[in-house]
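Engineer: For the sequence shown, counting from 1, position 338 maps to 338 in the UniProt record's numbering; every step adds exactly one.
Treat the hints as calculated values from the structure; they're not laboratory data.
Each hint should be verified, as a subset may be incorrect.
Keeping only pairs whose Cα atoms sit at most 20 Å apart, straight-line, the calculated DMTMM-like set for lysine to aspartate or glutamate is [as the list claims (entries may be wrong)]:
| # | residue 1 | residue 2 |
| --- | --- | --- |
| 1 | Lys-486 | Glu-432 |
| 2 | Lys-25 | Asp-96 |
| 3 | Lys-16 | Glu-216 |
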Amino acid sequence: MGYLNNYLQQFRDKGKDELANSIEKTSRRIGKKYISHFTYTTHEMGLLFGNIQSGKTGQTFGIICEAADLEFRYFLLMTTDSRLLQKQTFERAQHDLPEFAICSENDEEKFRSAKNQPVLIIVKKNTRVLQAWVDRFRNSKKLKGNALFIVDDEADAASENTKVNQKKVSAINDRLRKIRDTAQASIYLQVTGTPQALLLQSLNSNWRPMFTEYFEPGNGYLGGDFFFPGTETNDIPNFIHFVDDETPQESAKHVVLRHLVVSAQILLTGGKVSNCLIHPGIRRAAHEKSKREIEDAIAWWTYHHADEKFTDAFDREYAAITPQNTEKQPHDQVLTRVRQILEKREFTIVLLNGTSIDDDKDYESGCNFVIGGTNLGRGVTFGQLNTFYYTRTSKSPNADTMWQHNRMFGYDRDPGLITMYSSRALYKLFAEINETNNSIIRQAQAGKKITIAYPDGLNPTRSNVLDKSLLNILVGGSNHFPSVPKNETTTQISDLVQQFSNDDPATEVSLKFISDILKHFKAEKEFNLDGYIKMIDSARSENPMASAHILVRRNRAVTLGNRALLSPNDWKETNQFQDEFVLTLYQVSGEKNNGKSVWVPNIKLPMKKNFYII
Numbered sequence: 001m002g003y004l005n006n007y008l009q010q011f012r013d014k015g016k017d018e019l020a021n022s023i024e025k026t027s028r029r030i031g032k033k034y035i036s037h038f039t040y041t042t043h044e045m046g047l048l049f050g051n052i053q054s055g056k057t058g059q060t061f062g063i064i065c066e067a068a069d070l071e072f073r074y075f076l077l078m079t080t081d082s083r084l085l086q087k088q089t090f091e092r093a094q095h096d097l098p099e100f101a102i103c104s105e106n107d108e109e110k111f112r113s114a115k116n117q118p119v120l121i122i123v124k125k126n127t128r129v130l131q132a133w134v135d136r137f138r139n140s141k142k143l144k145g146n147a148l149f150i151v152d153d154e155a156d157a158a159s160e161n162t163k164v165n166q167k168k169v170s171a172i173n174d175r176l177r178k179i180r181d182t183a184q185a186s187i188y189l190q191v192t193g194t195p196q197a198l199l200l201q202s203l204n205s206n207w208r209p210m211f212t213e214y215f216e217p218g219n220g221y222l223g224g225d226f227f228f229p230g231t232e233t234n235d236i237p238n239f240i241h242f243v244d245d246e247t248p249q250e251s252a253k254h255v256v257l258r259h260l261v262v263s264a265q266i267l268l269t270g271g272k273v274s275n276c277l278i279h280p281g282i283r284r285a286a287h288e289k290s291k292r293e294i295e296d297a298i299a300w301w302t303y304h305h306a307d308e309k310f311t312d313a314f315d316r317e318y319a320a321i322t323p324q325n326t327e328k329q330p331h332d333q334v335l336t337r338v339r340q341i342l343e344k345r346e347f348t349i350v351l352l353n354g355t356s357i358d359d360d361k362d363y364e365s366g367c368n369f370v371i372g373g374t375n376l377g378r379g380v381t382f383g384q385l386n387t388f389y390y391t392r393t394s395k396s397p398n399a400d401t402m403w404q405h406n407r408m409f410g411y412d413r414d415p416g417l418i419t420m421y422s423s424r425a426l427y428k429l430f431a432e433i434n435e436t437n438n439s440i441i442r443q444a445q446a447g448k449k450i451t452i453a454y455p456d457g458l459n460p461t462r463s464n465v466l467d468k469s470l471l472n473i474l475v476g477g478s479n480h481f482p483s484v485p486k487n488e489t490t491t492q493i494s495d496l497v498q499q500f501s502n503d504d505p506a507t508e509v510s511l512k513f514i515s516d517i518l519k520h521f522k523a524e525k526e527f528n529l530d531g532y533i534k535m536i537d538s539a540r541s542e543n544p545m546a547s548a549h550i551l552v553r554r555n556r557a558v559t560l561g562n563r564a565l566l567s568p569n570d571w572k573e574t575n576q577f578q579d580e581f582v583l584t585l586y587q588v589s590g591e592k593n594n595g596k597s598v599w600v601p602n603i604k605l606p607m608k609k610n611f612y613i614i
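Based on the provided sequences and hints, a complete structural model is requested.
Structural biologist: What follows is the structure, encoded as structure tokens:
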């Protein structure tokens with residue numbers, strides 16, 4: 001049947017046909033478009049991205065099987081530097097891929113002795129571990145004449161060169177390059193839910209993906225569009241509760257009671273676990289403070305659990321839940337179960353940070369309150385996470401880091417039990433990140449080169465992995481024009497804009513019209529005209545009906561190469577349109593430019609976002 005068909009059959013046998021179809025679609029597409037055309041003479045890098053906690057491991061195993069069917073023999077899958085995650089992935093591969101020789105970090109002999117079957121080695125991204133496999137690959141000579149298929153899970157974490165701006169190579173990145181070079185040829189598949197850092201790698205880095213593929217989540221997935229559909233009042237879901245006007249103590253009481261009610265509903269209907277996640281920031285002092293607030297709130301409700309204050313508050317929370325995956329349990333049964341949880345202390349407060357001794361076993365069953373920071377990020381999965389309390393703040397937030405902490409995304413959530421507590425500013429930030437994520441997805445699905453834009457104050461990723469000498473950050477609202485524009489041809493551009501007179505104010509037009517005009521220009525390399533066209537095409541993919549403005553002026557006596565192009569009046573005219581692209585076209589006379597008349601484009605960017613071009 002083939003490795004992929006056998007892998008998919010496991011899902012079909014369990015009645016998971018939809019998941020099997022999704023994995024097959026992704027695997028066959030990548031196999032047909034890229035793997036089947038591999039020449040075994042090059043090192044190629046690609047990107048597979050999906051949504052946070054949407055099933056990337058299952059999709060990745062499918063692609064590995066497809067590559068094995070296409071006669072790749074050696075595979076290396078790397079997880080983040082987490083012993084637990086490496087162990088979980090290794091055990092899952094042993095179960096899901098029985099036809100492969102599955103090797104863990106120290107299984108050198110198994111790697112050397114494997115015959116007549118594909119070999120999958122699963123390691124964590126740790127300098128010592130990676131160097132050991134560099135040496136094993138070199139010494140065994142098994143990759144002589146063979147290609148290596150590398151899968152880098154969470155490829156935007158630790159893999160990039162964090163010393164790029166020092167003209168050096170960081171330790172992990174160095175080992176990854178050496179591993180790749182041990183083989184005659186390789187395919188290096190970057191896998192992540194937050195591709196910002198990878199898409200902004202320079203071509204010089206050899207770490208920028210040569211192709212990008214996106215896979216859609218399956219039915220029942222709750223992700224960014226469910227939680228953060230927009231920032232307008234009408235867009236905000238009713239399960240979002242803002243805490244700006246409350247004290248931390250008041251918010252903790254609301255969070256605790258809500259989670260107790262949700263937990264009672266889940267446990268009464270046969271559920272095994274109900275988790276509440278509390279993310280106050282990255283500092284341990286903040287974790288300890290949140291833990292005390294949760295403990296105090298539980299103590300308060302325990303003390304009052306038999307009086308009228310409790311029953312009134314309980315009634316409000318009970319009325320607010322609308323479970324969709326199970327039948328809503330009777331009022332009195334839920335009330336009794338909540339009181340039982342309090343009286344018998346049938347709950348756990350779990351602290352997850354670098355100093356705590358708690359682990360994943362502490363939140364696998366029962367009613368739990370999980371508190372932490374960075375440890376709540378990549379690779380950590382929480383079952384039945386329906387209550388989320390997020391108060392983290394940052395002076396200069398990174399979009400990919402913020403998004404990775406959305407552990408509420410997933411499949412086993414009940415949309416009628418979900419509640420999120422946060423500040424208005426945090427909700428707005430998440431909504432803006434979701435908007436850009438959707439733009440990236442649309443561009444990838446359309447097969448376009450991807451442009452990234454974020455509001456001022458929000459960075460796409462950490463700065464130490466981006467080559468600052470090649471990354472151009474364009475501030476929203478700014479004007480940009482080439483110093484040495486070339487027209488292809490002047491007559492064609494003149495024909496395109498003949499309907500706009502010199503006296504017309506800035507006129508509303510389509511973004512496509514602006515893009516088409518700019519494609520008649522060439523400019524010096526430093527201007528990166530293609531990058532501006534990609535920005536506009538990205539905006540078109542977000543909203544094909546979005547408008548722009550154009551202003552046309554002829555016979556201007558302007559010396560090219562000056563720092564400013566627009567006259568004060570034209571600057572004032574175009575500056576009225578703060579949230580749109582505005583193209584100003586000046587036909588510059590030849591009087592000051594070697595006797596040649598030329599059209600010069602000035603592009604004003606929308607005010608609300610900064611644009612990143614590499």
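Engineer: Now, for every hint given, state plainly whether the structure supports it.
Structural biologist: Hints versus structure:
Proposed proximity of Lys-486 and Glu-432 is contradicted: the alpha carbons are some 37 Å apart, above 20 Å. Restraint check: the Cα-Cα separation between Lys-25 and Asp-96 comes to about 18 Å, which is no more than 20 Å; the hinted pair holds. At roughly 16 Å between alpha-carbon atoms, Lys-16 and Glu-216 fall within 20 Å of each other, so this suggested pair holds.
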